[in-house]
Amino acid sequence: MGRVKEWLMKRRFLEIFCMLLAGVCFLSTGATAGKTYIWHDKDGNVHFSDRPPHPDQAGSDIQERQFKEAPRPEAKPITISDNPIEHAIQSTFRLTNRKGGGSGFFINDKGLAITAKHVVQGATYSMKAELAGQKKKYSVKIIKKSRKNDLALIRVMIKKPTPYLEIRKTDTLIRGEPVWVVGNPLLAFKETVTSGIFSRIFPEKDFKKELKVKAPYKGDWIQFSASVIGGNSGGPVVDKDGRLIGVVSLGFKAYNAINLAVPASYIEKNFATQLK
Amino acid sequence: MGRVKEWLMKRRFLEIFCMLLAGVCFLSTGATAGKTYIWHDKDGNVHFSDRPPHPDQAGSDIQERQFKEAPRPEAKPITISDNPIEHAIQSTFRLTNRKGGGSGFFINDKGLAITAKHVVQGATYSMKAELAGQKKKYSVKIIKKSRKNDLALIRVMIKKPTPYLEIRKTDTLIRGEPVWVVGNPLLAFKETVTSGIFSRIFPEKDFKKELKVKAPYKGDWIQFSASVIGGNSGGPVVDKDGRLIGVVSLGFKAYNAINLAVPASYIEKNFATQLK
Amino acid sequence: MGRVKEWLMKRRFLEIFCMLLAGVCFLSTGATAGKTYIWHDKDGNVHFSDRPPHPDQAGSDIQERQFKEAPRPEAKPITISDNPIEHAIQSTFRLTNRKGGGSGFFINDKGLAITAKHVVQGATYSMKAELAGQKKKYSVKIIKKSRKNDLALIRVMIKKPTPYLEIRKTDTLIRGEPVWVVGNPLLAFKETVTSGIFSRIFPEKDFKKELKVKAPYKGDWIQFSASVIGGNSGGPVVDKDGRLIGVVSLGFKAYNAINLAVPASYIEKNFATQLK
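Protein chains in written order, with this note's numbering: chain P, 4 to 279; chain X, 4 to 279; chain W, 4 to 279.
By construction, these hints were calculated from the structure, which means they are not laboratory data. Be a bit skeptical, because a hint or two may be false.
It does not matter which identical chain is meant; a pair holds if it fits inside one copy or across any two.
The calculated BS3-like cross-link candidates involving lysine-lysine, where the alpha carbons are at most 30 angstroms apart (straight line), are [said to hold, decoys possible]:
#: 1; residue 1: Lys162; residue 2: Lys256
#: 2; residue 1: Lys102; residue 2: Lys279
#: 3; residue 1: Lys215; residue 2: Lys162
#: 4; residue 1: Lys102; residue 2: Lys217
#: 5; residue 1: Lys279; residue 2: Lys163
#: 6; residue 1: Lys279; residue 2: Lys211
#: 7; residue 1: Lys113; residue 2: Lys215
#: 8; residue 1: Lys217; residue 2: Lys256
#: 9; residue 1: Lys102; residue 2: Lys172
#: 10; residue 1: Lys279; residue 2: Lys217
#: 11; residue 1: Lys102; residue 2: Lys256
#: 12; residue 1: Lys172; residue 2: Lys243
#: 13; residue 1: Lys138; residue 2: Lys163
#: 14; residue 1: Lys256; residue 2: Lys138
#: 15; residue 1: Lys151; residue 2: Lys215
#: 16; residue 1: Lys212; residue 2: Lys256
#: 17; residue 1: Lys215; residue 2: Lys279
#: 18; residue 1: Lys221; residue 2: Lys138
#: 19; residue 1: Lys211; residue 2: Lys138
#: 20; residue 1: Lys256; residue 2: Lys113
#: 21; residue 1: Lys131; residue 2: Lys215
#: 22; residue 1: Lys212; residue 2: Lys243
The following block holds chain P by itself, in its conformation from the complex:
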């Protein structure tokens, strides 16, 4: 948060490599994200295509796997896009008040959502949520802050059904597998995705044993290599199927290829009562 605030003050002075001025005419552009598909066949291969998979090739198999691993109250997720990364972007929002902010994401279709505790901790001004592709800002209610982990359960006061992320069990992660992070780096860059890999489980004891600092929270961590910075806190780390792996929490100023997220499995451990 300190870093976020520092950034908010400095962002007027962002140094850009090249600031030469060009003409002032407005250039109309049709540049938008098109309707395209990323999907996985029954063998787990990733496909990029401008048409959806043939029913024989994919679809039902993937959905079944998701339901088996993380059953949810709803019968069917609100699917915004067949592109799992696009779906993750649509399930993520920016959280701000006049002092700072971070990122958050939905975990059911009724506006229930997760962010990092340190994003809402001590927020004296109430927070607003800005959803992907929408101008309206929604009110946010804090339901419960975890005592042990950098997690908070919140509700975005929206009446329409919300797209949301399936939770992947932490003990199924594969070291070296690709991950994507969605969020609002420096708060100013909305709907931003970076990629990297799941590096390992960073054990709680290594804060004291290896880093010689007190662990800021309890429990173990997802160590991943995708770049993050202030404003990403509370945003999701997802796998190639768009399933939640972790919640962005800690980074190290010295080196941006090591970052820590709260394991997705901790969400149900912390908020079991509220998620029923």
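On the provided structure of chain P, position chains X and W as indicated by the hints.
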């Protein structure tokens, strides 16, 4: 450019992690990039192999897609390699004069090429192009600078047919899809490739609204996560098929996972007359 | 090494984005890396799965390729995991003495291993090796330091068979292909993986010609884009099949997307007698 110049002065003093001296005997080495293949089958899967795909598996299908999406005057592109990234490297060159420089790349087989306007803007000394794997430096003629975008159309004075990049329409991009950047980071590292993902379309209005700075050029931007630095300006951002997505233009000192490129679709908007 | 030492002194003061304290109750967690599989079918596709490939789909084909390219004295490699990245992690260890350290990895099942020469150069205190997932520290004997390259052949004094990396010939590398780096960044982060791409062969002459500094070692280099930092030195750069591409040696403070490794082919050139 300021950053590039700063770098040119400092590069004698590049701090290397380890500078312990070893023996002085020359070690002959056969280390070179070999003849190998990256290709995509009909389902879009990526294959790395030391032999070309069987005719049943790939080939014609990919070429047809390229021609449909970006028809060009020539009947057949000059294909240097079946590896699309290798082809992109061969289509890219280093631009330098005694004051600085950047990168550029061919868009037809007759030496017509693109770079960033800020690379050639105010260049009081004429620029030379150094092609991949060649010692000769070719003269460069500036044909037209865009009034609105950070783009310049140039011609490299070469008589042999040049390999070049197909242009991919910007409205077909998929958020989260992989990208590669080819160029000359710090000007000193030639034929260098980095990778990342297409993050989103960064809208022109966000310069003022979110970054609180005046937009340096008109129009929207390709926001991508691959690392770039001074010397990459004007170089291509390509997709897995080696097709042009954008032209490297802006980076932010504070964070190297957010960089901006001019959308490839702007090339035809700016230089329609010259490209006929 | 200078950078490593600087880091060892500073690591007590690592600045973490967020250091707000949470509750003090211990949260028991089942979060560990599970038994899962990454494998490649006969066409070279990458599969992530929680079950091993069917015998018809993969297996023997991949092993045959490895043996053809890098025959080793042993009849069969000690395979710790069907996940090539997991296998690379298990084949890598942390090297430390009271002054600093780095990374190293096994090249046969009898404890023979490689590290960077600058990791063991001038080490007045003997080094210990910490293997993945083990608490015991093993003694290390330096067998031979290369005169020309940043390589040292060492032996870890262990009696059990050791997992090890197959060596891939440097002239088979494909520009733009994905790579993984395993090691101990900042020495404090054990068993850490980052990813990037093989960018190109950096020729020895470019130190003088382009960087204007004296080449610290003889021979050419593997230029790759994966992030590394002090503590990674001596660790392996591997391909998608877990085969050794290079040994991490040099980085540039100014830009972390350009790093240099000693080509894997130099290992046999330097230590042919010892490897018989």
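Do the hints match the structure? See the list:
1. Lys162 with Lys256: Neither: 40 angstroms inside a copy, 41 angstroms across copies.
2. Lys102 with Lys279: Cα proximity of lysine 102 and lysine 279: none, with 33 angstroms in one copy and 53 angstroms across.
3. Lys215 with Lys162: neither (47 angstroms within a copy, 33 angstroms between copies)
4. Lys102 with Lys217: both (27 angstroms within a copy, 23 angstroms between copies)
5. Lys279 with Lys163: Cα proximity of lysine 279 and lysine 163: one copy only (21 angstroms, versus 50 angstroms across).
6. Lys279 with Lys211: neither (36 angstroms within a copy, 44 angstroms between copies)
7. Lys113 with Lys215: So lysine 113 and lysine 215 fail the 30 angstroms test inside a copy (42 angstroms) and across (34 angstroms) alike.
8. Lys217 with Lys256: Classified as both; 17 angstroms inside a copy, 28 angstroms across copies.
9. Lys102 with Lys172: neither (34 angstroms within a copy, 40 angstroms between copies)
10. Lys279 with Lys217: neither (34 angstroms within a copy, 49 angstroms between copies)
11. Lys102 with Lys256: both (22 angstroms within a copy, 24 angstroms between copies)
12. Lys172 with Lys243: both (14 angstroms within a copy, 25 angstroms between copies)
13. Lys138 with Lys163: within (15 angstroms within a copy, 53 angstroms between copies)
14. Lys256 with Lys138: between (33 angstroms within a copy, 29 angstroms between copies)
15. Lys151 with Lys215: Within one copy, since 20 angstroms is at most 30 angstroms while 38 angstroms is not.
16. Lys212 with Lys256: For lysine 212 and lysine 256, the Cα distance is within 30 angstroms both inside one copy (20 angstroms) and across copies (27 angstroms).
17. Lys215 with Lys279: neither (39 angstroms within a copy, 44 angstroms between copies)
18. Lys221 with Lys138: between (37 angstroms within a copy, 22 angstroms between copies)
19. Lys211 with Lys138: between (44 angstroms within a copy, 16 angstroms between copies)
20. Lys256 with Lys113: Intra 37 angstroms, inter 40 angstroms, cutoff 30 angstroms: neither.
21. Lys131 with Lys215: Classified as between: cross-chain Cα gap 20 angstroms, same-chain 37 angstroms, threshold 30 angstroms.
22. Lys212 with Lys243: neither (33 angstroms within a copy, 32 angstroms between copies)
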